[in-house]
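S.K.: Guided by the hints, dock chain P onto chain U, whose structure is given.
2 protein chains.
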Amino acid sequence: MLEPELQNLCETLATQAQTASRALVTASTQQKDAWLLASAEAIERQRDPIRAANDTDVSAARRTDMSAANIDRLTLTPARLRAMAEGLRQVAALPDPIGEIREDAVRPNGLRVQKIGVPLGVIFFLYESRPNVTVDAGGLCVKAGNAVILRGGKEATHSNRALHAILQRELATAGLPTDAVQLVPTLDRAAVGLLLKMDDRIDLVIPRGGESLIRRVAAEATMPVLKHYQGNCHVYVDERADLSMAERIILNGKCQRPGVCNATESLLVHAAIAGEFLPKLVASLRTAGVEIRGCPQTVERIPEATLATDADYAAEFLGLILSVKVVTGLPEALEHIRRFGSKHTDAIVTADAATAREFVAKVDSAAVVVNASTRFNDGFEIGLGAEIGISTDKFHARGPCGLRELTSYKYILTGNGQIRV
Amino acid sequence: MLEPELQNLCETLATQAQTASRALVTASTQQKDAWLLASAEAIERQRDPIRAANDTDVSAARRTDMSAANIDRLTLTPARLRAMAEGLRQVAALPDPIGEIREDAVRPNGLRVQKIGVPLGVIFFLYESRPNVTVDAGGLCVKAGNAVILRGGKEATHSNRALHAILQRELATAGLPTDAVQLVPTLDRAAVGLLLKMDDRIDLVIPRGGESLIRRVAAEATMPVLKHYQGNCHVYVDERADLSMAERIILNGKCQRPGVCNATESLLVHAAIAGEFLPKLVASLRTAGVEIRGCPQTVERIPEATLATDADYAAEFLGLILSVKVVTGLPEALEHIRRFGSKHTDAIVTADAATAREFVAKVDSAAVVVNASTRFNDGFEIGLGAEIGISTDKFHARGPCGLRELTSYKYILTGNGQIRV
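Read top to bottom, the protein sequences are chains U and P.
Final position of the first sequence in the numbering used here is 1228; the numbers increase by one with none missing.
Final position of the second sequence in the numbering used here is 1228; the numbers increase by one with none missing.
Pulled out of the complex, with its shape left as it was, chain U reads as follows:
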């Protein structure tokens, strides 16, 4: 596409989104929930055309060098279609954060001060080639009163278009603006750069996917960015840990779903229990197919382990590799996490309450976990109902971001003639 044409296209997208977002501010909860439920039904009803569109994408992807894991994520199985519909129904069941009264007080002069939830406005959402995310993100953004501009991975184009068409049709039926959910209609990557400069019409960008994409978005965007770069999640096993609990927690964190951001990537073991714990743990990890990269003390105890480099300690493997370090105690563990961690999720296994408290206080991560798997840093698991992503920043929302994290608030001051004296 020629540059002026592309500029026009992006401006139209952003302007339409802004107009839609203004109408959404006063859309009723009923209207939004009716849309969510009708979309869920339509997705189930139209599973055949959706799967046909998805087949086109999957067949094309098989002819490229896409990994088996990514082809799996691209594929809409019957179970995934059901899960998508179910996800929309769950969002419909969540309380509406818009209009929600978050604070309500009367000042000594009789002025009533209320703080109520309002939408952010327009959200630009970039994501990987997982067509179910089109539906999840659309549902969450609109329930929180925001218009969303979706830009999915190019490999999922046909699937995304089929799903997006359903969401738009149902928006019209529910009496909501159809531009509440728009899909960037071109694959031209320059469109992303243009949209990232439109901070007069786009209020927030949420990039998901590889670290390099996220870094590019954060560098180029003129509006706020909700993001995390990496999840290099640690488990520290203290000398006073229940070692069989520690083993279960590490196996779960590493192996239950190794490709996600809250998977465990690095293990720190107190020297006092390393001799007893490591050989037993590694036997289980070996069975699960996990490769160990460790410090000299680890390698001494585990002959099959290779020596870890600093790059290994900094790595988010997203696969069956675990970096291991034997430490002299909590201070060294904290120092290691500060140096190599990504402020996402870090866990301690200990039976000692004081050690747990110190770990919790001193680890500066979005979620700090005591005696449980790092995999629990997730919107659904902590009770948000659903999530659009996880933030490792401290400004605005931190950790898993659900409906409420996609909103802002305003103050309503109601009086009967009060003036300042």
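The set of hints was computed from the structure by calculation and includes no laboratory data.
Each pair may be met inside one copy or between any two copies, as identical chains are not told apart.
Here are the simulated DSS-like cross-link-like pairs (lysine-lysine), alpha carbons at most 25 Å apart as the crow flies:
id, residue 1, residue 2
1, Lys1217, Lys1169
2, Lys1217, Lys922
3, Lys1169, Lys1034
4, Lys1169, Lys922
Given the structure is predicted, the values throughout are model-derived calculations rather than measurements.
M.R.: Same frame as chain U, now just chain P:
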């Protein structure tokens, strides 16, 4: 200063602030409050050297073209010194937002999910030549667990240094890191540009002062910015308003302190009551010395009024000028506010609850006021105890920002061996 020297100086400032902020994370409430109270006492005890330093600044300012209003702001009177000390004591009395448990729930699997307040980290605060702000900002930032780098207006240099020396001395006495409150030691403006690029060590910048300074900071900063550009605050007087209440609210909003961001700048009057209301209102405004710039209908009724341009409707006068427009009803008032407003504070005077509700729902401003003065959009007035500024953005905090708005949170997940299934 040579560029490499300046770069070194700024890096040292930022690194020292970061180190101090890490120690502040675990500082006790007691320690922070002891510092606030001791600083208050020291300011009162050392009023003579402080006033001597301030005299140097004021004498120098008198030899420049600084306005009388600004010289007044620069001057530390005995009453202002007392108010500064009193402000610190009030912050000491406020609850500590750090460690505060904001949510606490147990999931069906027994995992306890807590959300607790944590500091943002390092704040870079730029402000006008008002030495009392040095003390207010230092107190708020440190109580919220943050290290702060202060950069006040150059005209207040001697006053700021004297006050900063007291705050630092008392930090040492309280066992807190003295780098928790630092003053940029050079007047070289290039230092600001360098600090705005240090997002690896500075977590937030808060610029206060003229719009051009704030725009420059927002454009250059690589970290988040808490800000508002303007306060072009409207009052809309509905046809069903108590007109004597409306008069009091407008006089208060315009005249009580015309130079501040929540002063009323623009009046919208329903056509049905304009004939009755405007002449009476303008008689009072005339007594108060207020100049009127109005639409043709206003000028018809008020012969002394001049015709308002679009620039007048967009202006934040910060002085005794009021723009006035007669409108056909709520839709035109809303449209005018959308076009010319700054999303800061807008008020309606009406006795009709439905009209008030519609105004509140459709005006997209940080504070929407019903039947009270726009001057109430203020941290102290709404019950925050104190404020560091007012935000018109929707990301992170909106409206008046007090202690809690200077913090973030983290999740603490506590289990007894839970794993994901």
